[in-house]
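Required output: the full structure, derived from the provided sequences and hints.
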Amino acid sequence: MVGRPQKIRKIAGAPSVEGFIPKGPRRGRQLRGRGRFRRHEEDIFLLFEEYESIRLLDYEGLNQTAASEQMHVSRPTLTRIYQRARQKVAKAFIEGRVIRFEGGKVNFKAEWYQCTDCESIFNISEKKQEVMEEVMCPLCSGSKIIVYHAADSLMDDE
Amino acid sequence: MKISIASGKGGTGKTFVSTNLFRLMQLQQKSVVLVDCDVEVPNSHVFLETTDIANHSVTDFRPDINLDACIFCGKCVDYCHFNAMICVPGAHLTKMVADLCHGCTACMVACPVGAITENQIEVGQVTTKVTKDGAPLVEGRIKVGTMSAIPAINEAVAYATSQYPADYYLLDSPPGTSCPFIQTTAKSDIVLLVTEPTPFGLSDLTQAMDTLDNMNKSYRVVINRADLGDDTMEKYLEQRGVEVLARIPFDKQIAACYASGRLVVDELPVYRAYFERLVEKIIAL
Amino acid sequence: MKVVITSKENNINSLVDPRFGRAAFFAVYDTDTDSIEWLGNDVVDMQHGAGTGAVNLLANLGAKKIFAVAFGAKVKPLLDELDIQMVIVKENQTVANIIALLKK
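Chains as they are written, first to last, in our numbering: chain Z, 1 to 158; chain A, 1001 to 1285; chain Y, 2001 to 2104.
No wet-lab data here; the hints were simulated from the structure.
Incorrect hints may appear among the rest.
In silico DSSO-like links for lysine-lysine, alpha-carbon gap of 30 Å or less [as the list claims (entries may be wrong)]:
| no. | chain 1 | residue 1 | chain 2 | residue 2 |
| --- | --- | --- | --- | --- |
| 1 | Z | Lys88 | Y | Lys2064 |
| 2 | A | Lys1002 | A | Lys1143 |
| 3 | A | Lys1281 | A | Lys1252 |
| 4 | Y | Lys2103 | Z | Lys144 |
| 5 | Z | Lys88 | Y | Lys2065 |
| 6 | Y | Lys2002 | A | Lys1075 |
| 7 | A | Lys1075 | Y | Lys2065 |
| 8 | Y | Lys2076 | A | Lys1095 |
| 9 | A | Lys1075 | Y | Lys2076 |
| 10 | Z | Lys91 | Y | Lys2090 |
| 11 | A | Lys1075 | Y | Lys2064 |
| 12 | Y | Lys2076 | A | Lys1143 |
| 13 | Y | Lys2076 | Y | Lys2064 |
| 14 | Y | Lys2008 | Y | Lys2065 |
| 15 | A | Lys1095 | A | Lys1075 |
| 16 | Y | Lys2103 | Y | Lys2065 |
| 17 | Y | Lys2090 | Y | Lys2065 |
| 18 | Y | Lys2104 | A | Lys1095 |
| 19 | Y | Lys2104 | Y | Lys2064 |
| 20 | Z | Lys144 | Y | Lys2104 |
| 21 | A | Lys1187 | A | Lys1143 |
| 22 | Z | Lys144 | Y | Lys2065 |
| 23 | A | Lys1132 | A | Lys1252 |
| 24 | A | Lys1132 | A | Lys1030 |
Stretch by stretch, here's where chain A covers chain Y in the computed footprint (C-beta under 8 Å, at least three residues) [what the hints assert, rightly or not]:
| no. | segment |
| --- | --- |
| 25 | 2042-2048 |
| 26 | 2057-2071 |
Some chain Z residues close to chain Y (C-beta under 10 Å, calculated; not the full set) [stated by the list, open to error]:
| no. | residue |
| --- | --- |
| 27 | Pro15 |
| 28 | Trp112 |
| 29 | Glu119 |
| 30 | Ile121 |
| 31 | Phe122 |
| 32 | Asn123 |
| 33 | Ile124 |
| 34 | Cys137 |
| 35 | Leu139 |
| 36 | Cys140 |
Don't be surprised by glycine CBs; every beta carbon is placed ideally from N, CA and C.
What follows is the structure in structure tokens.
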């Protein structure tokens, strides 16, 4: 038996922007690390789960228990993710750094996916995976897709 | 004379019978070779103290497709009896499905532009193991992952008969009644079907006999664990007119002997007598 | 785009055939023109390689997706290489159901 179906996080409320860039230094002040040549290593990279934790707790107003259930993590794990997220955002604000959201090329490692609307199970070719942002059901075009774990029993052997 | 020891149902005692026959015939100074054709799991060697003296690979043909030369005419697909080829011009792909290929070379013959050439893949090994009395055991063994037992079986029998001239070849057959069984029994002059008096035993024996009748192959039956169960099997065989050459009773001592990798003809004189009688009957065939 | 739906009979109200290689019929549905072409399956009687035969046939028609209830293990690597998507649909749907969902 495998655990709860792992939701493809990209599907549930993906960030609509790529991130945030500070407006610019206040008169007379110098931004740390900023200047004509911005070094990308100094950007703050927010993982999708960290973005998600802010979205569920601060934007949607869920409590930590509900949010942890949505994200399929334990409550203590959610707390840690959220704390990291807040710390990163604080650092970006105070130090005037760029925030970049994890996104774009989604990392698909699974072979099979299932649409929770029509229950169809399908695969996605590797070539398509590179260009996809979101997974859609090939039958009903639904977007509530989960990773299908019981793949060993899927193909019958002649 | 080539005698295959087969069954139908697995686990009835083929290897038990073939290894004991082999040992006894050796001791009786008969010129005999044991060929282990159960190439998926050859286990005769477990019961005989042997030394490996020779070994060679068994290979089989697979097509090598040169996509640059291929004109995507699809003739190879048409010629392939086993549906092992696909040709999709739109995807610039002509490909062999390895699991289905039987190495018949029809695709290579079919190709009008010579885009298919020969590739040989290793499908198994044939090993000669010699026992302390000098009689050889020729063992076929397929490589893990190979789909077909046939090339290895054919090579084991061919090698044994060409390299080791003998009066008797005992072919320890694979279980079941499909291709490997048919390939092994087809090569023999007579088949010894080892069975047990149980419903499954009878059912699979019937299938084996029907198949051999179809092949016009002569056979006799040896009933192992003969004192268990009822007389359904005996009655059926009598009615079908099949000769029973031996009836070996169930005995824990036999099982214990087998389980420790030893032969009853060496260890249990009572059962040695059964095999002596069986050998007499076989010689008389 | 052409997609294929396995079918027990050659009409739109037929149930999806649970098998792929030995499906009785293939409904080749063109999503652009909303038209269906029915193909009888020749390889249904073959001892071995029915799946491969079916893949050959459908790939040559330009199918991009195949809807069935089950696929044999040997066809997946072929379909992956040909970039044809496999969709295992819930049992007991009709070809008409599938087409209706596709049109959504």
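### Hint numbers contradicted by this structure
As far as the earlier hints go, 1, 5, 10, 18 and 27 are violated by this structure, in ascending order.
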